[in-house]
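K.L.:
Line by line, the protein sequences give chains Z and P. One point on numbering: in our numbering, the residue at position 13 of the first sequence is 23, and numbering is uninterrupted. One point on numbering: in our numbering, the residue at position 218 of the second sequence is 232, and numbering is uninterrupted.
I should point out that these hints are in silico values taken from the structure, not numbers from a laboratory. The model shown is predicted, which means the values in this text are computed figures rather than measured ones. A hint or two may mislead.
[Claimed, not checked] Short derived list, chain P residues pointing at chain Z, Cβ under 10 angstroms:
no.: 1; residue: 174
no.: 2; residue: 179
no.: 3; residue: 181
no.: 4; residue: 184
no.: 5; residue: 188
All C-beta atoms in this analysis are idealised placements derived from N, C-alpha and C, irrespective of residue type, glycine included.
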Amino acid sequence: MKYLLLINADAVDEAGKPPACTPADWMAYDKEVKEAGIFVSGESLADLVTATTVRVGADGKRTVTDGPFAETREILGGFYVIDVPDLDAALDWAARCPGAIDGSITVRPVADF
Amino acid sequence: MESVEAVFREEHGRLLAALVRRFGDLDLAEEVTSEAIEAALTHWPASGVPPKPGAWLMTTARRKAVDRLRRDRVLATRLAVLQVEADRAGPVPPVEPGGELPDERLQLFFTCAHPALAAEDRIALTLRCLGGLTTPEVARAFLVPAETMAKRITRAKKKIREARIPFRVPGADELPERLPVVLQAIYSIFTEGYAAQRPDLAEEAIRLTRILYRLLPGEREIPGLLALMLLVHARRDAREGGLLLLAEQDRSRWDRRMIEEGSGLVVVALTGGPPGPYGVQAAIAALHDEAPDFASTDWPQIVALYDVLLALTPSPVVELNRAAAVAMRDGPQAGLDLLDRLAGEPLLRGHHPYAAARADLLDRLGRRDEAAAAYRQALELAGTEPERALLRRRLGTR
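Okay, chain P solo, but in the shape it has when bound (with noise of 0.2 angstroms):
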């Protein structure tokens, strides 16, 4: 069953992009990929896997939806004015020939991280929509109940279809600024894969980044962010179930083919034009992964990107970590300096890894009392258990 698995994860979001292009509604759409793909489950184990799975999937889910609008008259009329609506939007693009489907996940991608819908429902509706995951399997990952979730989802919905979001690729003068929400919810899939332990998810990232490039290859930040995740996916063996500090890790554990292509992906995000963020933080990345050990970093060249990174985008966390890497260019008190001068940022007062990195510097300025009482603060800001096992044994073993 596994192929049939692999097939279904790949058709999903193709079969629900093309549905959606062709009958307007992403609720019909979703019905009927949905009950298309069961349908497979009934019939391929017995009589086999067609030779063109997708199309099958999609007949059959055109024939459905067909049904489906016979049966409703309200909704047919409904469907037919949105047609007319999408007409005067812009021309629909011709069927491919040799009856293949166009792949129209692009638009989905910009429909699902519309900036008119609120950031989580933009991470759950991709999660949804492109990932192929249930309600409940979405509402897991965001650790809240199953119910919450289905609400969350319908309220966006709703939101797509009665204030009219439409499926479309933004025009090129539009992608500057459309495109970072599309990847800020694809990395926020990632991050949170991570913060919850959930190894699935930050593949599924990674999955749909590769899609997204395949689809938009000209726009270097979608290089930059896949290189991005896979250069920190490398490290999820040596993290050991838990969080590692990078200091700690048994690099021979790394994923080094992982690496090799992330590095190669970091070279093509940087290439040919003024860097973006996730190429930058790619490039950070790749430094740490392609050291010997911790204390051989190329710290000044990370510092470096440091300040890049924050002229692209200027932020107390970037800061708190440029300061990290100067405590280990120029010492522990060169750090300490910088940190001490952002303690009046508000976005970092709750911020933990501003308290724990403060106690690490400190610890190793001999400053141990103070170190400990950081630690503490740290402990008392940390929002997820590993954190909070991390800080402990910092706390423990000094």
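Bound conformation, chain Z alone (with noise of 0.2 angstroms):
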């Protein structure tokens, strides 16, 4: 069964606090998750500032505007799916991200049909 592993990021601002998790923690989860077989898929996002929205409109027309729509306390920083049993073991997997600490994981199961 494959699960979306969410990683949000608290928003940077806050209180200004440097993240507790290092690159190497980041490097070392990555490793593990490649190396238990369950790896799916993964990509870590660059930077909010980059972020662009699009929509369509009824009649057609686009709208580009900078950044994302909604004021968000929490930002998505990257993701992993990951193929797993069930979902305590995808949320054993979310608890063990480094991300867990400096935020939060949103586990989505993917919609199988």
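Given two chains presented individually in distinct reference frames, assemble the corresponding complex, making use of the accompanying hints.
P.N.:
And the structure:
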């Protein structure tokens, strides 16, 4: 069963505290995921200031705006898709992800058609 | 028919758990469980209760499930996939020799009270699957329309199925996180039973905890919770169908046998390691139950136990209870000082017991107008009619 782990980082300006996890922690986690044979895909996203949002209205007109629409407290920083037997296993991998310490991980099962 | 009812109540959870394990699908398992019980209701009155009612029900339910799967290819395919995934998750326990049903209710407890489900859904599912209550019965317990409850249960089962919440007992390393969630669901059944004046729900919570205790005898918070519920439930007759303060209750109407059992379990819960919150709360309840009257209760010991409880689970509500015990030990002014220090707590702002406790202490200090104002505030905040009736009585008899 495939699960998407959405890595939400706390907004940076909040108290301006530096992240508790180092790039080495992330590299170690990435290695673990790949060696466990559960890795399907995963990416780390570029800084939020580089984001652009596109919408197409009912009239077919395209609107392009800078950044995401909503002001959110947490921002999507990256994701993994993993293939594990059940939700408990997915939650375990989410809990071990460094992003769970500096923010939170949302676990979403991938729909099966 | 009494014995048949008792058999069903006991067998429902067992049967359902065994069928979930076998077919990997809660919906299918529930459907064939109720069909098997219906079949028993038709056959048993005429032909008598079979020697192994559990095995009879299981065979019948299994046959009905196989029939369903033959008719429904899509479902069969989905379940086959589930089975393959379940096998990846771990080995299936062997069927017990002699054809007795292996008791897999423990897995069901952990599935129904999985932390990934909403707290209210955990309670509803536990009552539905392990208590064997029908959906309308669960709805009545929550005072919501049956349709609302049906939607809630359907939504929770959909999450179990589609997010694949597993049917398994957590490992020893996970138990400290997972067991409290199961106990919380059961305790909520008990406390909501009390709030709604439904002693049958309180008794169901006790029955479920007894099952859990048999299945996980080494976890001391289970006897702790069982003791707490027994020691509170022992006072049910003295509450006279309403709410009555501990100080006002006729203690000769307390259930001595239940108190004895509860007190014995407190010892189990507090022996052999650091205490847990249920064990400590049970110890407090035991001190109340063992006191000949309110005034001669061992208040210093109760304050000491609240200190332990505060260290385990810091909360303004525990602070409030501790303050009430301090008032009994050191006098109303000492209690009131502690309560006033809690005045800014957001959790207590809408909490009517806080206002009622202040009212009581102000009254005992002879500050009658302030006491009346605090009682009126408590009356406005109280959520249920029995609570309001108690407060009106207190306001009237000062």
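K.L.:
Hints first: check each against the structure and report whether it holds.
P.N.:
Structure-based check of each hint:
1. With 10 angstroms as the threshold, the beta carbon of residue 174/P comes within range of chain Z, its nearest partner Cβ sitting at about 9 angstroms, so the hint holds.
2. Evaluation of the residue 179/P hint against chain Z yields a held restraint, the C-beta minimum of about 5 angstroms falling below 10 angstroms.
3. With a least beta-carbon distance of about 9 angstroms to chain Z, the hint placing residue 181/P at the interface is held under the 10 angstroms criterion.
4. Using the Cβ-Cβ criterion of 10 angstroms, the hint placing residue 184/P at the interface with chain Z is satisfied: the shortest such distance is roughly 8 angstroms.
5. Interface hint status for residue 188/P: upheld, as the beta-carbon distance to the closest one in chain Z is roughly 8 angstroms, under 10 angstroms.
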